[in-house]
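Keeping the supplied structure of chain A fixed, place chain B upon it in accordance with the hints.
Letter by letter, the chains look like this.
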Amino acid sequence: MNQQTENKKNLLPTGKIKQYFIEVYEVARFITRFFKEIFLPPYEFKEIISQCYSIGYKSLALISVTGFITGIVFTAQSRPSLADFGATSWLPSLVGIAVIRALAPLITALIAAGKTGSSIGAELGSMKVTEQIDAMEVSGTNPFKFLVGSRIVATTLMIPALTMYNGLVAMFGSYLNVHANEMTSMKSFFQDAFSSISFLDIYASVAKGIVYGFTIGVTGCYKGYNTTQGTQGVGRAANSAVVISMFLIFIEEMIIVQIVNSIR
Amino acid sequence: MKKEPIRIEKNDVVISIDDLGKSFGSLQVLRSLSLQVYKGENMVLLGRSASGKSVLIKIIAGLMFSDKGSVKVLGREVGQLSTKELDVLRLKIGFSFQGSALYDSMTVRENLEFPLIRNKRHLTRHETDRAIEGVLQDVGLLETIDQWPSELSGGQKKRVGIARTLILRPEIMLYDEPTSGLDPVTSLEIINLINEVQKKYDTSSIIITHDLTCAKFTGERIAVLLNGTIGRLGSFDEVFDTDDPAIRGFYNYNFIKDS
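From first to last, the protein sequence lines are chains A and B. Under my numbering, think of the first position of the first sequence as 1, with each following residue one higher. Under my numbering, think of the first position of the second sequence as 1, with each following residue one higher.
So here's chain A without its partners, still in its complex pose (with noise of 0.2 Å):
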């Protein structure tokens, strides 16, 4: 079969049928190649100690300017809605319940998907390209665990501790807007807040962090360590992770909160 039957083929319904179920084949080699390798040793501490701090620390600041405008801004928001039943003494639960459920973690994830999640891609696709990973590979090195490894277990360990870290800023925000206009003490406005989030939301916040975290590394790592053609794939690999993580999130953001309220 020639190049150009084959090209024919695949731009067929069938053929972008066959194509999806074998990306889905690979993604899915990746991921258990990642599992079998992440628990035999060499271990990779020290990289992993790094990325931790490229994800995590440096995301700091980022997450927390995004974490605080949420907080006042739906605090804001939704004053007015409160305000017509006289209800405005429930912004502190309002707000907690909504960070801690859903805000923190959704905002987080999408935010680490932009900056994480594109950076993973574009910086494994370019030494993937420039032969940097065949390079570290003769040279007796697993890229896969050094490289990939690391960065998956990195952003699955920070997103849901970022995810904390959003949600405390957040509200903390909202505080400060109730303090603003209903002089509320903010030992009142954190006791309110607490008492209406159960450790079943914190719990799933947590694992929605470790699932969105997860996500976004694996995405990340596979589409910037199948990099071909290029510098053009290089940027194709960025685009695609965060478009494809970000899809991810929304859909695994359904299922759990689905899991989660069957549970409650």
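Hints are not guaranteed to be accurate.
What the hints assert, rightly or not - Using 30 Å as the maximum straight-line C-alpha spacing, the simulated DSBU-like pairs for lysine-lysine come out as follows: (1) K46(A) with K84(B); (2) K120(B) with K36(A); (3) K58(B) with K145(A); (4) K84(B) with K36(A).
Claimed, not checked - To list a few chain B residues with every Cβ distance to chain A over 12 Å, as calculated: (5) S34; (6) L123; (7) L226.
Read the hints as simulated data drawn from the structure, not as lab findings. Fair warning: this is a prediction, and the values are worked out from it, not measured in the lab. Even glycine gets a Cβ: it sits at the ideal position worked out from N, Cα and C.
For chain B alone, kept in the frame of chain A given last:
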């Protein structure tokens, strides 16, 4: 410029390729390719672009796998080695990439340190530093030790790339287009470096190039890859003593003769 004669042990084969085949989809790149590289020699591999030269050395280094045939490196069948065994074998193979493949997030020192600290964990800080400075001195770039790859010229990158492979004291060197993209003077420096490495580190090498000056002054033997297999093999003069237009084309282009 003249290359000093090197003692080649023809009884000692370090790379043995037999009936090798490799295809990408419907495109057959290598077909029934057989070749032997002896201990101590520089074997130059010539061939047109996309003729499968880089594929061949990637198969030798275990970065790709063949569809058929056998590739033995230092007596080990590359395709049948486990990942661990392959890692051990790779420590004896130095691979100089076409684009140097320096880790751009690391300085020159860190680039050289990386393979060393991961494979020779018993070395002290002092021994590591000495080894790094030693190979950088051998490639004439000690002054770049704390520079970033982006601050180096093309020729310097190639030298650092070679130094990074030499730090593990390989027995075999694989050079992928060592002089491509370099000016003639820098190319000559790289050619001299390849010969110095052969002598000082006692390496056997495969050198992929289009540059006949490089081929002439580095290779004890030249192999020409034609239609996926070795079309001609011998010394430089033997290989080009032919009227075959596919072979003469290389010669005429490199030495600017009317075809």
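Hint-by-hint comparison with the structure:
| no. | hint | verdict |
| --- | --- | --- |
| 1 | K46(A) with K84(B) | 22 Å, holds |
| 2 | K120(B) with K36(A) | 25 Å, holds |
| 3 | K58(B) with K145(A) | 21 Å, holds |
| 4 | K84(B) with K36(A) | 15 Å, holds |
| 5 | S34 | 24 Å, holds |
| 6 | L123 | 14 Å, holds |
| 7 | L226 | 22 Å, holds |
When each numbered hint is compared with the structure, no violation occurs for any of them.
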